[in-house]
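Trainee: Residue numbers (this note's numbering), protein chains in the order written: chain L, 35 to 217; chain Y, 38 to 234.
It should be emphasised that the hints constitute simulated quantities derived from the structure, not laboratory data.
C-beta atoms are modelled at their ideal positions from N, C-alpha and C, and glycine is treated no differently.
Take the hints with a grain of salt, since some may be wrong.
[To be verified] Quick list of simulated restraints, FRET-style, between CB atoms:
#1 Gln140(L) <-> Glu229(Y): 40 to 46 Å
#2 Ser197(L) <-> Gln68(Y): 25 to 31 Å
#3 Glu229(Y) <-> Asp147(L): 28 to 34 Å
#4 Gly199(L) <-> Thr222(Y): 39 to 45 Å
#5 Trp83(Y) <-> Pro175(L): 18 to 24 Å
[Stated by the list, open to error] Chain L residues, not near chain Y, derived (Cβ > 12 Å throughout):
#6 Thr61
#7 Ala81
#8 Val148
#9 Asp186
#10 Glu215
[Unchecked claim] Straight-line Cα separation of at most 20 Å, SDA-like style, residue types lysine to any residue; simulated pairs:
#11 Lys135(L) <-> Gly152(Y)
#12 Lys84(Y) <-> Lys135(L)
#13 Lys113(Y) <-> Asp194(Y)
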Amino acid sequence: MIRQLASNRAIFSIARYSTTFPNVVPTEPITMYDTQRNKVTTSDLFAKGKKVVLFGIPGAFTPVCTNKHVPSFLEKAKDLKGKHGITDVACVSVNDAFVMKAWQDQVAKESEDVLFLADPSGQFVKSIDLNIDLTNAGLGPRSKRFSMIVDDGKVVALNVEDSPGDFKNTGADKIIEQLTELK
Amino acid sequence: MIRTSVLLLCILGLIYAKKNIVNKEGESVPQTVFKTRVKEGGSFIWKDLSTDDVFKGKNVVLFSLPGAFTPTCSSKHLPTYDSKVSEFKKQGIDTVACMSVNDAFVMNAWGKELGVKDVLLLPDGSAHFTHAMGMLVEKQNLGFGSRSWRYSMLVKDGKIVKQFVEPGFSDNCADDPYEVSDPDTMLNYLKENKDEL
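Only chain Y is shown next, with the shape it has when bound in the complex (with noise of 0.2 Å):
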């Protein structure tokens, strides 16, 4: 009953937010820098991440999700994934990357509470990445700015192959959907569908 209304909310917000989701599938991964932190010598740095650096020539599965430090995202999301990605390597993926609307110091802080290990964390702290995939919503309704609509995506060599979008895409959704972007529904596409790699 209650997922009833959440999800009807989500609809009605669907409906006056007015978003349409953009299939990615297909194209490129947008171009962009991200503003890493690396430990080097015993202090931090700077280190610029292209897209290419990340994404050209290998295989990399990607899940965005809204907050780092926030419930679903801590305790669900990211560690499901950390835990799983001995699994990814064997269906043919080199990478497993996490992205958030957040700078590098909160991904890195967030990252070390939660004891990660084996996901790389991607700073989007000015939203150029979630922008240009055309996932980035409003969220002030649940004290944010505007972040990332959760997802997680395939991508080839820089091109999406797959992505699996959390339903009800809107702005200030008063919901926060968390079933199709999660690491099982990704290995049980990549185990069925072994050609796309």
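Only chain L is shown next, with the shape it has when bound in the complex (with noise of 0.2 Å):
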């Protein structure tokens, strides 16, 4: 089920109910990791003054992350950068940074327009309600798929999908659709 909301300029699109948006920014920082293993805490990713895209994805090398997650914000990052005044795209994965960093050469190439962040005990993922566990599939404790805007530390818009297979509504159009429409 659906729900678009507008109110207090927040649009929120979830494939199941939600009333409220997680907190990215505990007073406790959570430590996270960019590939060249440099600690990124939420205090860092969600300062002040900063807009930020961020999606999560159950793991590194997967086939719906690697086929078409990925490529989604690789394909938009410089038009929500340049057009929507994103500050930040950023992937995170429950993941160590040596496997991200693998992952990133492999998906990414060159590309440095996505910033791909290691979650490596998914407390991150945890601490905004969108860990899983995906122990039948033998990967254990990971993220969900879903996708956020973060304009100056709150989340102003989340995107989740029902399944970790599914890619229906936590692509780049449709951050780009709630980007226009908070306009």
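Assemble the dimeric complex from its two separately framed chains, guided by the hints.
Mentor: Structure (structure tokens):
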């Protein structure tokens, strides 16, 4: 069930009903890693003055993530940053930085338009209640497939797939639609 | 001097982490199902491999490491074992397997990148086997979650004959020793203990 609301310039469109957006800037910052193994905390990523598009994926090297989700944002990253004033387009996965680096080399080649972030213990995605247990597929605790717009540290749009294998409303086109509506 | 300091750090880590190595020699390997991905007819499909599928009725050398695509694992551990599989076969080993707490997608991509030919890659993505072996450690200090400590073992028809566990077994160890779980140590053991098989 998709529900569209516009109030206080916040739009959310999720595959299941939710009334609140998560807080992505906890008091105790959570640490993730970029592909050079530098620490990137939630306070860094969602600092004041930043307008961030973040998408979460169940796993590096998995088919939908590799063939659809990342390419969707790679294709539109320049548009997002140019026309829509996005400062950062980032991808987060419950993988370590070595795996994210190897995957980035394969899927994004030379492009640096998307920031690949490792959330190795799943601490960040769990803190925003977007974690999912994929033990049955031999993946352990992972991120749901989602996309969000974070403006000045506040989530203003959130899209979550019902199932990690789906790719229905968490791509770049949906985000662009939402950014256009938010203007 | 640096090695001494690092060893001291690991020992301190060992004390604080209060982790005891559980020697599993003489015991059966844990029962689990590995969720592997194999190519069939041009596309990849899921294939369950049980403990019995891998170990029953076979002589297996298994080595387990902290992470696919990490430096020591990629530059030394896996490639060196892969280059020596034929030597293991001469010593009566049926399968040389590499395990890590990584999923099948990552293991396959890693194996492809390194050009692995003969080592069986076993994804212990949910850490069941590693946990049951008592080899699961925290590695948040290095930007990982819970991972396998580095070790190797000789398994005959599902029974653990010999284990080589790297020194300094502890959570969040600053170092990543690679001293005893290498292929030459195992090959020498096999040559000196031909009766074991």
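Trainee: Each of the hints needs a verdict: does it hold here or not?
Mentor: Hint check results:
no.	hint	result
1	Gln140(L) <-> Glu229(Y): 40 to 46 Å	43 Å, holds
2	Ser197(L) <-> Gln68(Y): 25 to 31 Å	29 Å, holds
3	Glu229(Y) <-> Asp147(L): 28 to 34 Å	56 Å, violated
4	Gly199(L) <-> Thr222(Y): 39 to 45 Å	43 Å, holds
5	Trp83(Y) <-> Pro175(L): 18 to 24 Å	19 Å, holds
6	Thr61	20 Å, holds
7	Ala81	21 Å, holds
8	Val148	18 Å, holds
9	Asp186	28 Å, holds
10	Glu215	35 Å, holds
11	Lys135(L) <-> Gly152(Y)	18 Å, holds
12	Lys84(Y) <-> Lys135(L)	27 Å, violated
13	Lys113(Y) <-> Asp194(Y)	28 Å, violated
Figure legend: structure checked against the earlier numbered hints; hints not met, in rising order: 3, 12 and 13.
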